[in-house]
Amino acid sequence: MTERPRVAFFDFTGCEGDQLQVVNLEERLFDLVEVVEVVSFREAMSEHSDDYEIAFIEGSVVTAHDEERLAGIRENADVVVALGSCAAFGGINAIRNDQDFETVTERVYGDDADMIEANPEARPIESVVEVDATIPGCPIDREEFVQVVTGLIRGVEPTLPNHPVCVECKLEENECAFHRDEICLGPVTRGGCGADCVGEGTHCWGCRGMVDTPSEDAYTAVLEEHGLDAEEIVEQYQLYWGWQRPERATQEEAQ
Amino acid sequence: MSETIDIESEYVTRVEGHGNIVVNVADGEVETCEWQVVESPRFFESMLVGRDWTEAHHVTARICAICSISHTTASLKATEAAMGVDLSAQDERLRKLALYAETLQSHVLHLGYLALPDLVGKQSVLPILDSHEAEVEAVVRLHRLGNDLTEAIAGRSVHAQRHLPGGFSKLPDEDELDALRTRLESAWSDVELVADLLVELSDELPDFERETEFISLTHPDEYAFYDGTLYSSDTGELDVEDYREIVDEVVVEQSTAKFTSHARESYMVGALARLNNNFEQLGPMAKAVADRFGLEPGSHNPYLNNVAQLVEIAHLIETSIVELDTLLDGGLDPQPDYHTPDVEVEAGTGIGAVEVPRGVLFHEYTYDEDGEITDANCVIPTNQNHANIQQDMEELVPTILDRPEDEIELTLEMLVRAYDPCISCSTHYLDVEFVDE
Ligand code: SF4
Ligand code: SF4
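If you read the protein sequences in the order shown, they are chains A and B. When the count follows this note's numbering, it moves up by one through the first sequence with no breaks and lands on 255 for the last residue. When the count follows this note's numbering, it moves up by one through the second sequence with no breaks and lands on 1437 for the last residue.
Please note: incorrect hints may appear among the correct ones.
[Claimed, not checked] Using C-beta positions, here's what the derived DEER-type ranges look like:
#, chain 1, residue 1, chain 2, residue 2, range
1, A, R4, B, R1403, 37 to 45 Å
2, A, G72, B, E1222, 47 to 55 Å
3, A, E106, B, D1173, 17 to 25 Å
4, A, H179, B, D1178, 30 to 38 Å
5, B, T1349, A, D100, 19 to 27 Å
6, A, E34, B, T1182, 25 to 33 Å
[As the list claims (entries may be wrong)] Derived contacts from chain B toward chain A, CB cut-off under 7 Å, selection only:
#, residue
7, N1024
8, S1124
9, Q1161
10, Q1335
11, Y1338
In short, the hints are calculated from the structure, not lab data. Note that CB positions come from ideal geometry on N, CA and C, so glycine has one too.
Let the sequences and hints guide you as you build the complete structure.
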């Protein structure tokens, strides 16, 4: 990687919240452009170049055109980073993966449903191209983004925490959602956010995705106490895992 | 300038999402002039079906990040209307403040990061930093202020964490609100700086007028954002209940995004529509800003939407200070930690209509007796503006054919950007194409 790498941002199907989090670095955005050269960032600039080393990709893959475009980006970039949960594992878009696709298009477009071109499933970018680093979250955490960028410049191998949100929740000394008679996805969700939503008074919705192997990595103490197991809450209470859940099941079966 | 125009430029950048402008001129005659929106569909209305009443606002926040609080608010209002949930005066005030703060953030982003570069003749805000450092710093400070105020109330500025049906899971810290109030007071000098620059550049805004219909909410007591009845500049007050007929969505051949129309072929929503319909209710500072540009109710130049956003920035600051004073006077009524408001789950249908940065937004849900959604409909402002953009283009293009190609292209791109379309909600491709025959 060059000393001041050329970076580009691309958005696929998503809310563009992860790019907004980058803009929300406010003054620090101007510091960031000292250490990297932004050559494409459609949300904030008109310039565009296909000559870049790091590609940050936001959003899921939902059309054949998305697949082609993504493959092209992979060819141009040395490093591809999945930015946010939609790109990382399908995220909220994958809710519809559990629904019959014909019903889905009809509900939204009625008689004009056949004018809509889309794949029956919303998928993460790793279903199309190889991904070098992942920043999960819905939206991404600004600090985590800065850390990953700094790491990439220094050539540090990117890592993802694999402890459940519960671990951080205990450290924060929050009152456990289960004690308050709420269902929380913290026991099976990948940590790294400091159990943010619990701290804000609710529960974990699972936005950072599942831990690698829920049956092994889950924080079972909390679950057992309330007569639940990892399997059950993965199957019944998730919002974000419409792609990840069946995918994990296949993987675990193969092992 | 040749008689035949053929411009093909990929992606109109600096709008949230993509679309396509196709203009085709042969022998001085306009043959095609289309605003095409090619949707990369997200299917939210289907995704909501089967979701629980506690989840709808969480899911719909993800329709669009720039206006995520707006979607959250419309969503909660729809759920609350369906189940007959009342909000306390304090919670309603907090909801309003979060909405104002997000709108401030969104307007500043659009004006400062996305529209200003056009006027200065630059490609992004970065090169402007050299020539207009003080103004760019003011833009960044105002943007941060909007975000910080949202964060203080919602927990996070992108995708709120504390908003719940019937209230909030956690109350903001009073000292933090107090500090934000002080920052709002001192934001005037930043607004002035941006206004000075925009006044200086206002000659760059194309002088183009086309009479159209303006639709927005209106409220007897305030410049409507959070609540109100519908109002059309053509036909007067309208019932929110009738919103489906009013927006009359159609899928058109050239675009996979839906187009809308009401009293005429198209109508406009957003800052300019609100300003035209509710001008008298703007605060004194906002009116003073409008005065500097000679902006008055009855303005039919869509490019002035940028100025209307600046006027609203002033208004939002004024009105937020007033709301904060009311909240902080006597202190916030406390609530328990990890608060879950009481909601009696019942079957029913409810509509939530809210004025959001880009215009009036509707969410409508039907719930069954278990509190699961059986039917959902969301009408976003950007879709309501598509037909108006199309009509503007048809009238504008023939009048500017004598200009150089790149100038035509920029003028059209600026037109689209003036509407501040947030196409990511529903759509994904914005190109300008001048097709050769
Ligand atoms: S991960 Fe969340 S914040 Fe990012 S695009 Fe998807 S919905 Fe938006
Ligand atoms: S607590 Fe859960 S839902 Fe909230 S940010 Fe963390 S992982 Fe996401």
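Hint-by-hint comparison with the structure:
1. A/R4 with B/R1403: 37 to 45 Å: Check passed, 39 Å falls within 37 to 45 Å.
2. A/G72 with B/E1222: 47 to 55 Å: holds (50 Å)
3. A/E106 with B/D1173: 17 to 25 Å: violated (47 Å)
4. A/H179 with B/D1178: 30 to 38 Å: holds (33 Å)
5. B/T1349 with A/D100: 19 to 27 Å: About 24 Å separates the Cβ atoms of B/T1349 and A/D100, which means 19 to 27 Å holds.
6. A/E34 with B/T1182: 25 to 33 Å: holds (31 Å)
7. N1024: violated (22 Å)
8. S1124: holds (3 Å)
9. Q1161: holds (4 Å)
10. Q1335: violated (10 Å)
11. Y1338: holds (5 Å)
Of the hints listed earlier, those the structure fails to meet are numbers 3, 7 and 10, in rising order.
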